[in-house]
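**Q** For reference, the chains in residue letters:
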Amino acid sequence: MGLRLFAVATTILTGAVLAAQPALAQKHGGTLKYYHRDNPPTASIHEEATISTVNPFMAVFNNLVLFDQSKPRESLDTIVPDLAESWSWSEDGKRLTFKLRQGVKWHDGKPFTAKDVGCTFDLLLGKAKDGLRLNPRQVWYQNVENVRLDGDFEVTLELKEPQPSLLAMLASGYSPMYPCHVSPREMRGKPIGTGPFRFVEFRRNEVIRLARNPDYWKSGRPYLDAIEVRIIPSRSTRILAFVAGEFDMTYDIDVTIPLMKDVQSQAPKAICELRPTGVYSNLLVNREAAPFNDPKLRRAMALAIDRKSFDEILGQGKLGLSGAMQPLPEGFWGMPPDALKSLPGYSDDMEKRLAEAQAIMRELGYGPDKPLRVKISTRDIGDYRDPAVILIDQLKKIYVEGELEVVDTTLWHRKVTRGDYSVGMNLTGIGVDDPDVNFGENYTCHSERNYNHYCNPEVDGLIAAQSREPDINKRKQLVWQIERKLAEDVARPVIHFLRAANCWYPHVKGLVLHQNSIYNDARYEDVWLDR
Amino acid sequence: MGRYLIRRLLLMLLTLFGISVIIFVLLRIVPGNIADILFDAAGMVSAADKHKLEVELGLDQPIVIQYLHWIGNLARGDFGYTYVSEQPALQEILPRIPVTAKLAGLALLFSILLGVPLGILSAVRQDTALDYVLRVLSLSGLSLPSFWLGLLILMGFVQYLGWIPIYNEKPARLLDELLLLSIPAAAVGFRSSALVMRLTRSSMLEVLRQDYIRTARAKGASPAAVNYDHALRNAMLPIITIIGIEAAFLVGGLIVTETVFNIPGVARFLVDAIRWRDYPVVQSLVMFVAVVVVSVNFLVDMTYAVLDPRIRYEN
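For the protein sequence lines, the chains are A and B, in the order given.
For the first sequence, the numbering used here begins at 408 and goes up steadily by one.
For the second sequence, the numbering used here begins at 1274 and goes up steadily by one.
Hints were generated in silico from the structure; no laboratory data involved.
A portion of the hints provided could be inaccurate.
As the list claims (entries may be wrong) - Between beta-carbon pairs, the in silico distance windows are:
(1) A:626 x B:1321: 41 to 51 angstroms
(2) A:593 x B:1338: 26 to 36 angstroms
(3) B:1402 x A:719: 30 to 40 angstroms
(4) A:608 x B:1289: 30 to 40 angstroms
(5) A:536 x B:1371: 20 to 30 angstroms
(6) A:536 x B:1321: 14 to 24 angstroms
(7) B:1370 x A:938: 29 to 39 angstroms
(8) A:812 x B:1335: 27 to 37 angstroms
Glycine residues also receive a C-beta, built at the ideal position from the N, C-alpha and C atoms.
Please put together the full structure from these sequences, using the hints given.
**A** Set out below in structure tokens:
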């Protein structure tokens, strides 16, 4: 009996020690140093659509809800409370009520209340008097009809239609709460948040500094005293500095697949993790201009895309096959591989696809002696140019003679939206791995980012239907149906989702890179340094 | 001398006016403006919103009105607000000027201290082994791209030797800062020193063949007196010219060095401002560089006049 008791006591004690170990091991203090590859346009997350702003400033803010920072694969199930202690949906799915945390202070000492949530939504919905200069995610909130404040600590979002994914958008790093008492202009230069780190300074082209918020509402967090982000535009210099041990980690997805090997050989202690960037390359075909207004021609082009070659050349075989939604295993909504291969233009039999494409082209009057000459337009950025060059080579096989037209990056969107192109190579970034975001922004008839004006009312209907659907499995079926329609319509043929790596030294602990978005995991309140 | 000075000053003002017009027009010819870039970065294409921003920044005004507005403000010492950070342009520019000035000054010092003595030595020891070595050295300096040399230096000093960090923060003591800047200054000054060395050598060789040098030697003057008292002073005019040109070039041409060594100076800032079409910053910076270049040229002209009385008398 005594021995049994001893064994049970030992087991409980060991369990308790093991359970407590992570908490005991975490150390407070230190400055997390990493570099930034670019100068963020401003510090205002709501006014930017770039990781350059979200990454260094996400830790200044809190959202209502947030994707669990410790879980790498984001989904509706990994959303946790942040400034909202809890949330609930009305039965009809058209009202989302948040109970807000009390006693939270902005970094300037003023209290956070429901009014601030109201002001944030006024900005996002374009209702604020002193509004945002840019509001790139207005489309995310187009279903929000009204924001009702019930006292200081309860807010209800009233929706036009049920939209379960609204919560996912609110959980993104792109959805921080802004204070009523600070103007958008001030937020662009000196942001005030409630987050684990206070803004200290942002010297353009030099450095961004954040310091621990001593009044942070989450007890014991953050572990770090400060975060210092040095802006180093030269990739050689910043990688050299990381290898020399001047930084604790690299900037988000800054290490390309070929570069990762170099970094690991020069800094053998560094840990490097390859992850999807949430950006996919895709083919834009001007559907309104002859001869590309002929669906047959667009189908032939889609059939000629050899994704495996793209992957081998650009990704050393690590990019995989994907539809419009990020593929499995990291993506939540990706089609199963077999289903993906059954989409038009995705089969493994490249020869058969080419033969079919060539037959279509011959039927349209093109051939080796009478090729279709076309300009392949793309932005003057390496990530755009490289796939464009490969595409030109692949299209030659179906009698399309492409000439690369490199467009100054400032003119790209203007050119594309004017329809002043025939074929374009484009990259599309997705803030949240969710169909409402990706399909809503890029494939609905009236979206500003639907650059090639693809419009299929049936697809719009399906997009709206999946958005309303509360059952995840039913919703996935709808999403895959949309994928199929997009492939059949050659809406915007997806070539691949990009991947790149983050590297850090082993003394950086508590860093969890999210696998299906790069925009939602830079809170850094759980990161600590084991020095 | 007084009339010469006034004429030079008037020419200087005219040049600056010309530069102000050219930079203003050139910037507007470059495709895209800040509104295009901001909206492009945000992936937005709303023409109405973009126009609203253009109106807010005064970019919808005719170019002449924009120019008059800018030049009027500039005359009052108002450099405008940067489009990107919305801070006063001067506030963004001023802290960066000393960094670039120190770097350029050190680089110039390096090029003079290395280039002039080695050029003289190379000329005086013409066609000896030392001359060949120095000529190879100077050709190497002219041939090596500064970004490549910079990267090599960084690899050596930062990665392998660990003697210096990548420029992070301005050291508190001036001496520490100068020491930190001395390596990038050497990288950029190496090319200038090669140029100065070659010019010093050829200029010295030309002077050393003159009759009056032969006369000095015939009169029994020591080689040092011939080389330094008689030859060097007369060979200095082209050397001063090239040093003046290099000084101007260094102020405006440190882009690669500042980028590779991550030095937060004016040159790197200018490139970034051009990328964003941040007109107030670019215009102010270019005008600043122009003032420096024109002033250096003015000083070089004045030095000519001091060294060679014929110049001031002819004028």
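**Q** Run through the hints listed earlier and report the numbers of any the structure violates, in increasing order.
**A** Numbers 3, 5 - these are the hints that the structure violates, sorted from lowest upward.
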